[in-house]
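First to last, the sequence lines map onto chains A and B.
According to the numbering used here, the stretch in the first sequence is residues 3 to 119, in order.
According to the numbering used here, the stretch in the second sequence is residues 58 to 173, in order.
In short, the hints are calculated from the structure, not lab data.
Any given hint might turn out to be false.
Keeping only pairs whose Cα atoms sit at most 30 angstroms apart, straight-line, the calculated DSSO-like set for lysine-lysine is [claimed, not checked]:
hint, chain 1, residue 1, chain 2, residue 2
1, B, Lys114, A, Lys24
2, A, Lys71, A, Lys51
3, A, Lys71, A, Lys24
4, A, Lys24, A, Lys51
5, A, Lys51, A, Lys79
6, B, Lys114, A, Lys51
7, B, Lys70, B, Lys114
8, A, Lys71, B, Lys114
9, A, Lys71, A, Lys60
DEER-style ranges, computed between Cβ atoms [said to hold, decoys possible]:
hint, chain 1, residue 1, chain 2, residue 2, range
10, A, Asp11, B, Thr171, 40 to 46 angstroms
11, B, Arg87, A, Asn100, 15 to 21 angstroms
12, A, Gly18, B, Asn134, 47 to 53 angstroms
13, B, Ser84, A, Asn101, 25 to 31 angstroms
These stretches of chain A come out as covered by chain B in the derived footprint (C-beta under 8 angstroms, 3 or more residues) [said to hold, decoys possible]:
hint, stretch
14, 25-33
15, 44-51
16, 61-70
Glycine included, C-beta positions come from ideal geometry on N, C-alpha and C.
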Amino acid sequence: AQSVAQPEDQVNVAEGNPLTVKCTYSVSGNPYLFWYVQYPNRGLQFLLKYITGDNLVKGSYGFEAEFNKSQTSFHLKKPSALVSDSALYFCAVRDGGNNNAGNMLTFGGGTRLMVKP
Amino acid sequence: KAGVTQTPRYLIKTRGQQVTLSCSPISGHRSVSWYQQTPGQGLQFLFEYFSETQRNKGNFPGRFSGRQFSNSRSEMNVSTLELGDSALYLCASSLLQGASGANVLTFGAGSRLTVL
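This is chain A alone, in the form it adopts within the complex (with noise of 0.2 angstroms):
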């Protein structure tokens, strides 16, 4: 069974201060991992994917995430963030091994992430 473990439920950071938001997972094939963010009333919007290759990958509205496959983590970051990125984040797995999985996909379960001005 695969899995993916978000360890804060909450972040806080500063406006223009750097942000990461941890995720590790844990899948039995190759991990294809995702990260979603979720503003309030609203459904979740993609941010980035890594699938294979460059272990660093650059998203959506300036967030990248390394991932480290020793270490079985895919930590979300940004170098200066906003207060509009104040939002619940999500990471998520798929078993790239699996040719059956479809879209099936494992979340964690959410980190807040708080950015004061």
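Position chain B relative to chain A; hints supplied.
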């Protein structure tokens, strides 16, 4: 282009009733997935449909069912509602069903179900 549309956005039901939720995917998207979001359990996969066929099903009781029509629109049904079924039900669509490259899911705003 229009995004993923879910109806109704909000609904209130009582225990024992049934409910049907609707999802219209982005035009051209043939895969539709459903997820349940609750404060306690987080986001959990319900099922996925592709070309009118259920391809995957999550660990939910048989009270939860769904279908997909030839125009890719999908519905999910929950029968004999329980208090614990109160949740935000999210629908997501993508072009393909799990092809190599890991498809990006586009989510709707969700249907918030409250069971009293």
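Verification of the hints:
| no. | hint | in the structure |
| --- | --- | --- |
| 1 | B:Lys114 - A:Lys24 | 28 angstroms, holds |
| 2 | A:Lys71 - A:Lys51 | 15 angstroms, holds |
| 3 | A:Lys71 - A:Lys24 | 14 angstroms, holds |
| 4 | A:Lys24 - A:Lys51 | 15 angstroms, holds |
| 5 | A:Lys51 - A:Lys79 | 13 angstroms, holds |
| 6 | B:Lys114 - A:Lys51 | 23 angstroms, holds |
| 7 | B:Lys70 - B:Lys114 | 24 angstroms, holds |
| 8 | A:Lys71 - B:Lys114 | 29 angstroms, holds |
| 9 | A:Lys71 - A:Lys60 | 17 angstroms, holds |
| 10 | A:Asp11 - B:Thr171: 40 to 46 angstroms | 24 angstroms, violated |
| 11 | B:Arg87 - A:Asn100: 15 to 21 angstroms | 20 angstroms, holds |
| 12 | A:Gly18 - B:Asn134: 47 to 53 angstroms | 48 angstroms, holds |
| 13 | B:Ser84 - A:Asn101: 25 to 31 angstroms | 27 angstroms, holds |
| 14 | 25-33 | violated (count 0) |
| 15 | 44-51 | holds (count 6) |
| 16 | 61-70 | violated (count 0) |
Checked against the numbered hints above, the structure violates hints 10, 14 and 16; every other hint is satisfied.
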